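Since the structure of chain A is provided, determine the placement of chain B on it from the hints.
Number of protein chains: 2
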Amino acid sequence: ARPKVGYFYVGQEVMPLLTDELYQETVGQLMVPPLLIPQTTMIDEAVTQLFMHDVGSLYVTDEQSGLLGVLSRKDLLRATINTTNTQTTPVAMIMTRMPNITTTTEETSVLHAGQRLIAHQVDSLPVVAIDGITVIGKITKSIIMRYFIEAGLHNQS
Amino acid sequence: ARPKVGYFYVGQEVMPLLTDELYQETVGQLMVPPLLIPQTTMIDEAVTQLFMHDVGSLYVTDEQSGLLGVLSRKDLLRATINTTNTQTTPVAMIMTRMPNITTTTEETSVLHAGQRLIAHQVDSLPVVAIDGITVIGKITKSIIMRYFIEAGLHNQS
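For the record, the sequence lines run as chains A and B. Everything in the first sequence is counted per the working numbering, starting at 79 for the first residue and increasing by one. Everything in the second sequence is counted per the working numbering, starting at 79 for the first residue and increasing by one.
The set of hints was computed from the structure by calculation and includes no laboratory data. Warning: the hint list may mix true and false statements.
What the hints assert, rightly or not - Derived list of chain A stretches under chain B, where covered just means 3 residues or more per stretch with a C-beta under 8 Å from a C-beta of chain B: (1) 115-129; (2) 147-158; (3) 168-180; (4) 214-223.
What the hints assert, rightly or not - Simulated DEER-style distance windows between Cβ atoms: (5) Glu-99/B to Gln-199/A: 23 to 31 Å; (6) Met-176/A to Ser-143/B: 17 to 25 Å; (7) Glu-99/B to Thr-118/A: 47 to 55 Å; (8) Asp-209/B to Ile-208/A: 37 to 45 Å; (9) Asn-233/B to Thr-162/A: 47 to 55 Å; (10) Asp-140/A to Asp-209/B: 54 to 62 Å; (11) Ala-197/B to Ala-170/A: 36 to 44 Å; (12) Thr-126/A to Ile-196/B: 23 to 31 Å; (13) Gln-117/A to Gln-127/B: 46 to 54 Å; (14) Ala-207/B to Gln-117/A: 43 to 51 Å; (15) Asp-209/B to Thr-118/A: 50 to 58 Å; (16) Thr-167/A to Gln-142/B: 38 to 46 Å.
If you're wondering where the values come from, they're calculated on a predicted model, not measured in any experiment. All C-beta atoms in this analysis are idealised placements derived from N, C-alpha and C, irrespective of residue type, glycine included.
Bound conformation, chain A alone:
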C-alpha cells in the first residue's frame, strides 16, 4: 500500500520501495517451459536431451505432466561416473523423487522462489499448478540472476 511515485526520505525509504517493485515480480512472469521426460528414459538418453536443449535439469513426469522426479546435471554426473551401464539404466533409478522435491507456484514472488532455491541448495524449482503436481514451468538460479542483472542494465540506460 506504499505509493509508487512521490517524495521519500531516501535513507530509510528507498530500500522498502525497491523491495516492493523489484522483488515482488512473480515466478509466473519469469518461468520457462520445462523439459519433461518419462521415467523409462535411459540415463544416456537423458544426458543427450540435457545437451540438445542446453538445460541444467530435467523433470520426470507421468503422461499427464504429473511430477514424479527431478534430474539435475549433478545427479546425472554422479550416475555416469558410478553406473556400469548408462544405456540400460532408466532415470527412475537415479532421480530425486516426490515428495522429496521442492516446488513453487506461478504466484510466488521472485524473492521467495530465490530464498527457496538457496535454502534447498538446488539449481531449479518445478513450477506446479494449483493441484500441486502438474508441471507448468521451471524457474532457475540463472533466470533469477539474469532478471536482477537486466533490471540493473535497464536502469543504467
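Structure of chain B alone, referenced to chain A:
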C-alpha cells in the same frame, strides 16, 4: 557522485540510486576461494573433488596458481558419458583452455560480472589478479543470485 541520503523524486530517481547502491558492489566483496587442480588430475578424481567440495566448477592451474583451464559440471558430464576411461584420462584432455576463458577482476562490479556470465553462458568466472593470470577467487551465478535475494530479505526485515 549521487548523494546517498536525501530527498528524491521517486518516479525517476529511485532506480538510478538503486543501481548505484546495489549494483556497484564489487566482485572482490562477493568472490569465494576457488578449487584449484593440476592438469595431470584424472577425470574421475576431478569429479570426486567436485562432489567432495560441493562446487559446480574447478579451475586448472600451474604451480603458481596461473590459470590454464576451467572445468564445469557440464564439461565433466560430457566427458564421463563419452570417455572410455575416466580413470586414466587427465583433465588437460577435456578442459576449456586459456585464452578461451572469460575472467573477471576484484574491482569489477556485480552488474558487469553478471552481464559477462550471461553473455558467455557460463556458470562461473575465475577472478584473476592484475597480472591477468593468477587465480585469486571465483564468482558464480549462484553467488550473485544469493546476493540479490539476501539484499531483498534484509530490507524486508
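Hints and how they fare:
Residues of the region 115-129 of chain A with a Cβ under 8 Å from some Cβ of chain B number 4, which satisfies the need for three, so the listed coverage holds. Check result for the region 147-158 of chain A against chain B: holds, 6 residues qualifying (beta carbon to beta carbon below 8 Å, three or more required). Counting residues of the region 168-180 of chain A whose CB lies closer than 8 Å to any CB of chain B gives 0, so the stated coverage by that chain is violated, three being the minimum. Under a criterion of three residues with beta carbons nearer than 8 Å to beta carbons of chain B, the stated coverage of the region 214-223 of chain A is upheld, 4 such residues being counted.
The supplied range of 23 to 31 Å is met by Glu-99/B and Gln-199/A, whose beta-carbon atoms lie about 28 Å from each other. For the hinted restraint 17 to 25 Å between Met-176/A and Ser-143/B, the CB-CB distance of approximately 44 Å leaves it violated. Between Glu-99/B and Thr-118/A the beta carbons are some 51 Å apart, a value that agrees with the proposed interval 47 to 55 Å. For the pair Asp-209/B and Ile-208/A, the beta carbons lie near 56 Å from each other, so the given range of 37 to 45 Å is not met.
Asn-233/B and Thr-162/A have their C-beta atoms about 51 Å apart, which keeps the hinted 47 to 55 Å range intact. Separated by about 55 Å at the C-beta atoms, Asp-140/A and Asp-209/B satisfy the suggested range of 54 to 62 Å. The hinted range of 36 to 44 Å is satisfied by Ala-197/B and Ala-170/A, whose Cβ atoms lie roughly 38 Å apart. The beta-carbon spacing between Thr-126/A and Ile-196/B, approximately 25 Å, falls within the hinted interval of 23 to 31 Å.
Range check, Gln-117/A to Gln-127/B: Cβ separation about 31 Å, and the 46 to 54 Å hint is violated. Distance hint for Ala-207/B and Gln-117/A: a CB-CB separation of about 48 Å, consistent with the stated range 43 to 51 Å. Look at Asp-209/B against Thr-118/A: about 53 Å separates their beta carbons, and that is inside 50 to 58 Å. Hint check: Thr-167/A to Gln-142/B, Cβ distance near 43 Å, so the stated range 38 to 46 Å holds.
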